[in-house]
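**Student:** Each chain, letter by letter, is given below.
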Amino acid sequence: MSTNRGILIVGASQAGVQLASSLREIGYADPITIVGAERHAPYQRPPLSKAYLQGKVTAETLSFRTQEYYDKHDIQLVLNERIVAVDKAPDGSGAAMSASGREFAFSRLALTTGARPRRLQIEGADLDGVLYLRDADDAEDMKARMASADNVVVVGGGFIGLEAAASAQKFGKSVSVLEAAPRLVGRAVGEETSEFFLKAHRSRGLDITLNAKIVRFTGESGRVSGVELEDGRVVPADIVLVGIGVVPRTELAEQMGLACGNGVIVDEFSLASDGTTVVAGDCAELPNPMPRDGAPERLRLESVNNAVEQARNAAATVAGGRVPYRMVPWFWSDQGEVKLQMAGLSAGYDQIVTRGSVEDEKFSFIYYREGQVIAADCINNPVDFMAVKALLAKGINVPADRVVDAGTPLKKLVAELAPAS
Amino acid sequence: MPKVTYTSADGDVSVLEGNAGDSVMEIAVRNGVPGIVADCGGSLACSTCHVYVREDDLGLLPPLEEMEDDMLDGTTSERRANSRLSCQLTLSAEDNLHVETPESQV
Chain C
4 MSTNRGILIV GASQAGVQLA SSLREIGYAD PITIVGAERH APYQRPPLSK AYLQGKVTAE
64 TLSFRTQEYY DKHDIQLVLN ERIVAVDKAP DGSGAAMSAS GREFAFSRLA LTTGARPRRL
124 QIEGADLDGV LYLRDADDAE DMKARMASAD NVVVVGGGFI GLEAAASAQK FGKSVSVLEA
184 APRLVGRAVG EETSEFFLKA HRSRGLDITL NAKIVRFTGE SGRVSGVELE DGRVVPADIV
244 LVGIGVVPRT ELAEQMGLAC GNGVIVDEFS LASDGTTVVA GDCAELPNPM PRDGAPERLR
304 LESVNNAVEQ ARNAAATVAG GRVPYRMVPW FWSDQGEVKL QMAGLSAGYD QIVTRGSVED
364 EKFSFIYYRE GQVIAADCIN NPVDFMAVKA LLAKGINVPA DRVVDAGTPL KKLVAELAPA
424 S
Chain A
305 MPKVTYTSAD GDVSVLEGNA GDSVMEIAVR NGVPGIVADC GGSLACSTCH VYVREDDLGL
365 LPPLEEMEDD MLDGTTSERR ANSRLSCQLT LSAEDNLHVE TPESQV
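Going line by line, the protein sequences match chains C and A. According to the working numbering, the stretch in the first sequence is residues 4 to 424, in order. According to the working numbering, the stretch in the second sequence is residues 305 to 410, in order.
Heads up, some of the hints might be wrong.
Beta-carbon label-pair distances, calculated as ranges [said to hold, decoys possible]:
{"#": "1", "chain 1": "C", "residue 1": "Gly410", "chain 2": "A", "residue 2": "Pro367", "range": "55 to 65 Å"}
{"#": "2", "chain 1": "A", "residue 1": "Glu359", "chain 2": "C", "residue 2": "Gly175", "range": "22 to 32 Å"}
{"#": "3", "chain 1": "C", "residue 1": "Gln79", "chain 2": "A", "residue 2": "Glu398", "range": "33 to 43 Å"}
{"#": "4", "chain 1": "C", "residue 1": "Asn265", "chain 2": "A", "residue 2": "Asn400", "range": "42 to 52 Å"}
{"#": "5", "chain 1": "C", "residue 1": "Asp140", "chain 2": "A", "residue 2": "Glu321", "range": "26 to 36 Å"}
{"#": "6", "chain 1": "C", "residue 1": "Pro239", "chain 2": "A", "residue 2": "Ala313", "range": "49 to 59 Å"}
In short, the hints are calculated from the structure, not lab data. Where a beta carbon is used, it is the ideal one built from N, C-alpha and C, also for glycine.
Sequences and hints are given; from them, build the entire structure.
**Tutor:** This is the structure we're talking about:
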């Protein structure tokens, strides 16, 4: 028998740290090593486009855990090492090699490698001042550049783009958003929510162009100066933030011969196609954790919630359990004064009920399919969000004719309608 | 340095120190106190950092604002008069706070 080298977690991410913590919580006693490519100890990413960019929090406060925590729980944290190759035997053990030549032997492997920003490959893409926002260094760079910028252009009207745009507006910058699609946040929310965001942001002075066909970035002496559209218009820019989605980091998995699609393909126990490697977070393509008719059977989830919950599921698998991964997906996005909280997945809905006042920016869109609540987009309405998340988890339905009455708390309706247990 | 005593539903006690300006949630998460989940990192989006504050200490706390009040209606364990979301409890240097973590956060 070879020595037990424990688990090697590639990716010092939210999922990576959660996996390590959960393993210790459930009594896993073998060595745990987390290897991260960044120079920073693992930290929270969501604030980078919000509180961090606005100067409300510092980089230090974003760290998940203290070094004492890792020491006390015997979790070895290795930073500044990018794993570039993995050699794995059929029993799941093997060795990983970093770009600097360090070797990490393991008995079990976990991939929590996350995703990288999708690049916009057009003329001028390499100009100084064309930025992406994914990690702490990106955010620090953008924050520093924002100080001396007057015109900020955001390419992509998704969550990152709109959050960063709202943050830039707080500094009094002139901010333009260029979205290629006919609506904002098209991949994640329903049309009504997109429409709401458009009005809410425009009323606050954000210049938004939909159906924007970007031709190139213009520049002077190597620095970006504007974004040129197909109609010839040039939107002036001192900095450009490109936020057009992310691409899962699957290189290692591919090199190992693991099945990959839109991410590393895993089963409901968070196991990759080799049956031993566990995968969690943004890099995984997983079976829908809340399966139902009309929803995708498999998907990739880009959220803190999934990073945390899937990592817990992966930990249970590593510890020898077989718990199918089930949870209600949820997400939040703070865009200036507008707080969106989403519960469930609205794909395949056939009815929307508005609860509350869209005009007052405190409401929920409740999504139904065949008379059954499947999801909610809640704006500045945490009470509804929490209630929908709870009812979805318990499999309780609230009919549309009752849900429309915003005067009655959802929690009360749920209590009335819950089957007596 | 501010000091926080966390007591779990099972009676496990952790006494931790932080820095002025830290929240009760941040100190817990950084040190891995199991009773605090805090998925959203203090964005008032998840209600998984719910705590019961010792009655004697309630006077030390910042007032309850609307969003926190709303989110407290959605906690997994029952809301009580001394319920707060620990992400909203920012500490000053001399604070010495005692909180109990609920049986479940999710």
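**Student:** Indicate, hint by hint, whether the structure satisfies it.
**Tutor:** Cross-check of the supplied hints:
Here the CB-CB span from C/Gly410 to A/Pro367 is close to 26 Å, at odds with the stated 55 to 65 Å. Distance hint check for A/Glu359 and C/Gly175: the Cβ-Cβ separation is about 45 Å, which falls outside the suggested range of 22 to 32 Å. C/Gln79 and A/Glu398 have their C-beta atoms about 37 Å apart, which keeps the hinted 33 to 43 Å range intact. Between C/Asn265 and A/Asn400 the beta carbon distance is about 50 Å. The supplied range of 42 to 52 Å therefore holds.
Distance hint check for C/Asp140 and A/Glu321: the Cβ-Cβ separation is about 30 Å, which falls inside the suggested range of 26 to 36 Å. In this structure the supplied range 49 to 59 Å holds for C/Pro239 paired with A/Ala313, their Cβ-Cβ distance being about 57 Å.
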